[in-house]
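Could you put together the complete structure from these sequences and hints?
Protein chains: 4
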Amino acid sequence: MNRVEGIVPPMVTPLLNDDALDLPGIENLVEHLISGGVHGLFLLGTTGEGPSIKQSMRVTLIQKVCDQVQGRIPVWVGLMNTSFREAVELADKAKECGARGLVLAPPSFYKIEQHGLYRLVDQMLDEISLPLYLYNNPGVTQVSFELETVARLLPREGVRGMKDSSGDMIYFQRLRELTEQTETELYMGPEELLMESLIVGGQGGIPGGANIFPELYVAMYKAVTSGDLDKAQNLQRKIMRLTKVVYGGSGFIAEKVVNGIKCALQALDICSAEVSKPLDRASEKKEKKIRELLKTHIRSG
Amino acid sequence: MNRVEGIVPPMVTPLLNDDALDLPGIENLVEHLISGGVHGLFLLGTTGEGPSIKQSMRVTLIQKVCDQVQGRIPVWVGLMNTSFREAVELADKAKECGARGLVLAPPSFYKIEQHGLYRLVDQMLDEISLPLYLYNNPGVTQVSFELETVARLLPREGVRGMKDSSGDMIYFQRLRELTEQTETELYMGPEELLMESLIVGGQGGIPGGANIFPELYVAMYKAVTSGDLDKAQNLQRKIMRLTKVVYGGSGFIAEKVVNGIKCALQALDICSAEVSKPLDRASEKKEKKIRELLKTHIRSG
Amino acid sequence: MNRVEGIVPPMVTPLLNDDALDLPGIENLVEHLISGGVHGLFLLGTTGEGPSIKQSMRVTLIQKVCDQVQGRIPVWVGLMNTSFREAVELADKAKECGARGLVLAPPSFYKIEQHGLYRLVDQMLDEISLPLYLYNNPGVTQVSFELETVARLLPREGVRGMKDSSGDMIYFQRLRELTEQTETELYMGPEELLMESLIVGGQGGIPGGANIFPELYVAMYKAVTSGDLDKAQNLQRKIMRLTKVVYGGSGFIAEKVVNGIKCALQALDICSAEVSKPLDRASEKKEKKIRELLKTHIRSG
Amino acid sequence: MNRVEGIVPPMVTPLLNDDALDLPGIENLVEHLISGGVHGLFLLGTTGEGPSIKQSMRVTLIQKVCDQVQGRIPVWVGLMNTSFREAVELADKAKECGARGLVLAPPSFYKIEQHGLYRLVDQMLDEISLPLYLYNNPGVTQVSFELETVARLLPREGVRGMKDSSGDMIYFQRLRELTEQTETELYMGPEELLMESLIVGGQGGIPGGANIFPELYVAMYKAVTSGDLDKAQNLQRKIMRLTKVVYGGSGFIAEKVVNGIKCALQALDICSAEVSKPLDRASEKKEKKIRELLKTHIRSG
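Chains A, B, C and D, in that order, are what the protein sequence lines are.
Each residue of the first sequence is one higher than the last, beginning at 157 in the working numbering.
Each residue of the second sequence is one higher than the last, beginning at 157 in the working numbering.
Each residue of the third sequence is one higher than the last, beginning at 157 in the working numbering.
Each residue of the fourth sequence is one higher than the last, beginning at 157 in the working numbering.
Hints may be right or wrong, so weigh each one.
For identical chains, the list gives no copy identity; a pair is met inside one copy or between any two copies.
As the list claims (entries may be wrong) - Straight-line C-alpha distance at most 25 angstroms; calculated DSS-like pairs for lysine-lysine: (1) LYS251 x LYS210; (2) LYS394 x LYS441; (3) LYS387 x LYS451; (4) LYS400 x LYS267; (5) LYS387 x LYS400; (6) LYS249 x LYS210; (7) LYS441 x LYS267; (8) LYS412 x LYS400.
If you are wondering where the hints come from, they were derived from the structure by calculation, not from laboratory data.
Here you go:
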């Protein structure tokens with residue numbers, strides 16, 4: 157199995173309502189992303205509202221996306237369940253549908269310590285056969301993958317890499333040091349740090365905004381990997397402007413990310429702007445700003 | 157429906173393994189608690205490993221316990237799901253089985269703000285018909301029910317009371333002030349504060365240790381409500397000693413509470429000591445200390 | 157030297173402005189407190205704006221208060237300096253002026269770990285001869301005295317006791333367990349927990365509100381120690397009402413405590429309401445509420 | 157007055173003991189830094205143990221360093237006092253000695269809110285005449301300069317720029333956006349992010365390691381500003397290796413930074429390794445590692 161490198165958007169989950177997927181929206185979104193040149197898809201993460209939708213909807217989403225993708229790019233599935241057994245169920249389903257990777261977050265309810273985190277990953281490796289990516293997002297789960305723990309986990313067979321959403325570039329560089337000369341893949345979560353992470357040697361990013369403008373993030377990936385720093389800095393300014401508007405307004409950060417992306421995707425006629433509880437939709441004021449941004453952005457290329 | 161007052165243990169969930177309930181253990185435990193004089197049972201909370209077991213096991217547990225209880229005391233069901241829809245499913249099942257209350261925690265994954273918390277409770281009230289108790293446990297969920305929010309929620313029809321596990325006695329007294337002259341029921345989570353909470357006017361407690369020695373906590377309830385402070389102070393010293401051992405050892409707090417209680421219950425031949433992931437069982441060293449405590453405690457009455 | 161038991165107000169520091177003490181205000185306040193029956197005075201703590209005023213003003217304050225007190229009750233001096241050497245200077249001055257105890261907080265700038273905290277207390281014990289009280293206030297200093305550290309420090313010669321402002325009644329009860337059968341004195345910081353702390357065996361309290369109504373807190377001390385729980389509960393309701401108003405309004409908690417107390421003391425013609433930077437004075441709205449409270453309180457006794 | 161751009165080491169404060177400066181060490185260190193090409197010096201910050209030494213030693217240090225520098229490069233003085241008046245005293249002294257800038261941290265004891273922070277800076281601007289830099293270090297002070305507050309403060313006359321030690325590169329980029337097209341100077345605190353910060357448009361850095369190897373950091377500054385990314389990446393690896401050793405071992409982060417730098421400087425015969433309380437010296441084990449690093453580093457250039 158080859159290494160994945162590049163842009164792997166954390167796909168939002170198009171919804172008709174709290175209880176039903178927006179199936180045509182899913183088709184549109186998958187095609188939009190693939191035609192935008194992304195290198196993979198990551199389902200059911202924080203941006204994908206993985207923890208909020210029902211297990212049965214998670215299963216349907218995996219099936220539907222894998223069917224639509226038809227192996228054109230790899231699909232990763234997030235395991236964000238508080239129940240280990242339900243995470244394993246999802247992992248089995250992912251394997252069955254042809255997904256190519258799993259992304260495991262520490263459970264959000266019980267705040268396990270480092271040895272418990274090591275043990276949990278170990279227990280998960282016993283149950284799954286797809287490559288595993290560790291998902292570090294202490295702002296959400298309140299549990300960090302400390303460097304000592306990562307140093308023990310990354311060499312384990314079955315662990316392919318890590319998605320780091322801590323926003324801590326020092327930590328990311330320490331991960332890079334740890335994994336130099338290995339096949340481990342490191343992905344940056346927050347897109348505001350995508351350029352920096354690629355410069356210091358990350359393999360790619362999982363930028364929410366790539367749901368909207370996949371080409372922009374693919375271009376960033378190419379600019380840095382081809383050594384064109386001027387272009388990268390230019391693209392960086394665009395990304396910073398985009399996130400300021402799309403992730404702006406009121407609410408907490410994950411809420412603003414999800415409702416902003418979905419609002420933009422609806423404005424682009426790709427899928428519904430509906431979000432699942434406990435999140436709230438973007439306000440009208442935010443929607444207006446997003447529509448203006450989209451116009452400007454599209455006009456300016 | 158009458159007010160519940162008194163001791164409502166957060167029942168641990170007897171397990172054979174990660175994937176199967178210990179059904180005879182459940183029967184034993186329910187009978188142990190009822191014969192110990194408790195005033196209600198609270199299922200699927202933090203101590204009940206609600207978030208860690210599969211939804212289908214949650215449903216079976218509710219059914220099984222309600223069947224066993226046969227209406228002798230009220231049963232409350234915890235809604236700790238990250239998915240609102242799965243919480244509603246559980247609420248429906250609880251109603252169908254004859255449970256008498258629901259206990260709602262903010263979802264643990266997305267850290268909603270106060271207006272989102274208000275909205276979520278509001279949305280839940282639209283979906284359920286059993287009385288609702290708010291569950292404040294910011295150490296676990298990272299989301300507090302701030303006093304301003306509580307002041308708006310408690311008067312809502314359908315909201316019967318609150319379980320406060322913040323450990324913050326100033327907050328608890330402010331809750332008391334807010335609800336004076338009302339029917340609202342306030343329950344204290346941490347048993348180390350049970351005596352104090354009853355003195356300042358709480359209606360009861362949800363003490364983990366009552367899984368082991370229900371009479372001890374019932375006696376405390378009676379001592380304070382009958383004005384026998386000397387006796388209460390005596391019982392308080394016992395509770396402090398018990399929790400020091402049972403909740404001691406290594407691990408994080410919820411882990412130590414669950415594995416200590418289950419270890420003690422196995423020593424008393426009531427149910428299995430098995431815990432579900434990501435928790436770990438009590439160490440042998442801890443088990444030994446618990447067995448000694450049990451002997452002393454039982455001998456001394 | 158005898159044990160101190162009872163009410164030791166954290167005296168506010170009367171100021172003319174940021175740079176000058178309100179000397180007549182200090183005299184009035186000291187007399188007001190002594191005639192109110194308090195058992196000691198604690199200078200230069202969080203409520204005393206110890207960290208905000210100049211070292212030279214701290215020295216003058218100690219001198220002035222000791223001169224006024226004339227040994228009628230013990231005076232304790234807070235060491236809140238970020239500089240160890242300046243703390244020692246203050247300790248020397250306190251000794252010279254006749255103070256009877258020192259209250260040491262971990263430095264607020266560098267967030268030392270537990271072994272560093274132990275070492276620091278150890279180093280301080282080498283430099284001072286007055287009895288030392290440990291000051292636990294993690295909300296302010298971000299450094300807790302963990303129970304293991306306290307267990308090593310309290311038996312040290314020279315360590316007389318502890319002031320716990322954590323607001324954590326479970327912790328306070330664990331301190332009580334640790335010090336049973338010893339001469340160690342435990343004082344409760346937040347007055348909302350004064351009653352509870354006395355019930356579980358604390359020696360006294362350091363309640364901010366005792367600056368305003370020393371008799372109220374002295375009465376609480378007597379009610380609990382004489383076993384009159386009904387009276388204590390009555391007084392507790394008064395204390396809760398008082399703190400709600402006096403510590404209410406906008407600002408952060410220490411700010412609201414200090415400006416509320418000083419506002420009340422000015423309304424009672426005892427001293428100036430001036431506060432030092434970075435705190436802000438009580439708003440006019442808050443002042444109005446405080447004046448109303450004072451009227452009601454005084455009328456009702 | 158011209159803009160400062162480049163490397164401004166947070167100078168450690170050479171000490172003979174807790175109570176006395178290492179005056180020859182100060183001379184050596186200043187000459188070492190100037191001959192290493194640094195663009196300025198920052199005294200009495202977190203790395204400079206500003207909060208821990210006595211006010212009189214702070215004054216002597218400012219005098220001594222300014223005398224030694226003789227205007228060759230600008231000197232900035234940190235105002236980390238908990239007492240506003242003592243901060244103003246220091247500012248006056250800095251001005252008198254010829255310092256060229258002041259660096260203000262929120263007081264570490266009282267955790268002021270954003271409007272209080274704004275007010276405090278405003279009050280400080282009334283008292284000082286040297287250019288002011290805001291010092292954002294929430295890990296130490298627990299008070300962040302939120303972007304809304306910064307947006308109001310940076311345009312104020314007298315505010316020249318900001319030192320950001322939050323370690324948050326997203327925040328730093330938002331600062332950059334806020335200040336585009338202005339004269340505001342942005343400095344990066346943690347040296348692990350120096351390269352990234354210069355790439356996204358920062359004016360310079362305040363790297364602790366520049367106390368040891370000023371040329372290394374000056375070279376990084378030049379590499380990025382001249383567009384030589386390959387060289388920058390190379391230097392970055394060296395910086396990461398250096399900080400891993402020098403800031404390694406046990407203790408909390410500021411402690412490890414200070415004792416590591418001083419240990420290295422003593423190994424280089426520049427000044428004493430002594431630190432002031434509450435910090436602890438580097439362990440022998442750490443010292444050994446640092447000495448090895450120094451040999452390798454010096455050999456490899």
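Where does the structure disagree with the numbered hints, that is, which hint numbers, in rising order?
none
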